[in-house]
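As they're listed, the protein sequences go chains A and B.
So the working numbering is basically just the index in the first sequence, starting at one, shifted up by 26.
So the working numbering is basically just the index in the second sequence, starting at one, shifted up by 643.
Be aware that one or more of the hints could be misleading.
[What the hints assert, rightly or not] Derived CB-CB ranges, DEER-like:
1) 132(A) with 770(B): 28 to 38 Å
2) 33(A) with 801(B): 49 to 59 Å
3) 801(B) with 146(A): 41 to 51 Å
4) 252(A) with 680(B): 54 to 64 Å
5) 718(B) with 97(A): 48 to 58 Å
6) 134(A) with 856(B): 34 to 44 Å
FYI, nobody ran anything at the bench for these hints, they're computed from the structure.
Note that the Cβ used here is the ideal one computed from N, Cα and C, for glycine as well.
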Amino acid sequence: MSVSDIWDVLVLGVVLGSLYAVIAIGYTLVYGVLQLLNFAHSEVFMSGGYGGVIALTLVEPVADPSGLQSFGYVILGICAGALLGGLVAFGLEKAAYLPLRRRNAPRLVFLITAIGASFFLYNLAGKLFGRYPMPMPTMYENRKLFEIFGTSVSVTQLIIVVTALVMLLLVDFVVNRTKLGSGIRAVAQDPEVASLMGVNIDRVVSRTFVLGGLMGGVAGFLFGTNLQVEYTMGFLPGITAFAAAVLGGIGNVRGAMLGGLTLGVVEAFTVELWGDAWRYVGAFAVLILVLMFRPTGILGERVGRTA
Amino acid sequence: MSTQVESDPLPSAEPSGAAAPPALLELRDLHVFYGAIEALKGVSLTVGEGEVVALLGANGAGKSTTLKTASGMLAPRAGEVLLHGERVDGITSHELVQLGIGHVPEGRRVFPRMTVLENLRMGAYRLRRPDPADLDRVFTLFPVLAERRKQIGGTLSGGEQQMLAIGRALMGKPELLLLDEPSMGLAPLIVQQIFEILKEINAQGTTLLLVEQNASRALALADRGYVLETGSVVMSDDADALLADPRIRAAYLGESVE
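Kindly produce the complete structure, drawing on both the sequences and the hints.
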């Protein structure tokens, strides 16, 4: 493995990892406010992919788009992905989790519901949009854009990394600098007291789902730009991003970003060194190793809430 | 003035004070359950505007439950909570905050991973436009919080956390402040300091309803007091009268009488 190979793999890893980071935010935010492992988040991601594909298929991109047209198509895809992701996450919370919270259902019931909602959503997508992959319409010529250290970076790769970076900065700003963010953090640390401060917990929880859904939806579209969109596309990236959230310290937003990037890079190197069959082995081995020595994840102070 | 001693729930547990201030908070015949256990068996009490009212009693008497019901954390199965004569029972706590009730919960419960400043800002969450003067006021009352404004809440000492919890509640500009055991687990000197500040807060116009194990301190600060036993009010009178009452001295002051 030469030095330039290392850069090749690193670029692949960062592209993949930035997607995982964006998806992982959705897991970690929801876990923070509800201590819920929202396994249906992978389907929010998938919905975003369909949102992008459907919007672009309806628009029918011209054959040889100008730079401005290409830019417009990508922005449209991002917005459509965010919209559908946000809507599905909003509906998911209202239909599946809110009734359980009203009844003070035990944790296990939430978990089973999350898994059930995941099955429901991806099978619904398969029914609605067909079981065959939907190709992403060509929005731009995916040419080599520039080189860093002898490694070429394509248009798609740049779009993914830049969009992911913007999303991550945005969510970090929302969580740390806005009123919604202080509500989210207060509910995560002590919901009862948050309520005594005037925080409407139901509203904060709903908006947390939407925030995670917007992120997941955009990630779904970005994932689709590379390949295609399929009803089962959520499962593996979803599980990996969930692992990334745990690796970084679940409940911690910056931890999710770090965990996502780490798993993406490890995955890319594993594939390069041992082949595609080992793809998820390396990443999950790292997860298990880190958790053995730091059970709360890299940046996590603790899992869950005391008292 | 006579001391009422009753074992049955009181329909109206008012001491026959001459010039009672208009009622800010009124609890009428509250029955509150935890599952099948009846924690409050018909509690009635009144807190007048500008007063300091102490709620005394042993562990498990229902003091915290009474406060939690007043601030909407618990819903009564029967009975009424009135704020300025309007029924507010059944209203959730985040809405009650908007009506001017601040609650300093038992065990302080500062947000452990927020700084002192962030904790105080959370206290002003309910306000559309927080007033910078409120922060100055809290820092004047508790200079130590100003010194430690960047420190993480969970790393403060017990006394500092209690001050932060009180300061945080004040940031919401409450008309009525409910305090649940502000002296719990604190060194006597700190307790004295906190009670002096509570007196100052009351002098600045905030009404206080205070739950305390430390009966002598609480009654020294309070205008009136209620004594709870196993979910019922068994005595209520002016603080001085309660402080002089031999039964109170025996049951709640014990060794602590100087």
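Going down the list of hints, with the structure as the test:
1. 132(A) with 770(B): 28 to 38 Å: With Cβ atoms ~36 Å apart, the hint holds.
2. 33(A) with 801(B): 49 to 59 Å: 54 Å, holds
3. 801(B) with 146(A): 41 to 51 Å: 49 Å, holds
4. 252(A) with 680(B): 54 to 64 Å: Hint holds: Cβ distance 59 Å, inside 54 to 64 Å.
5. 718(B) with 97(A): 48 to 58 Å: 55 Å, holds
6. 134(A) with 856(B): 34 to 44 Å: Holds - the Cβ-Cβ distance for residue 134(A) and residue 856(B), about 38 Å, lies within 34 to 44 Å.
Checked against the numbered hints above, the structure violates none of them.
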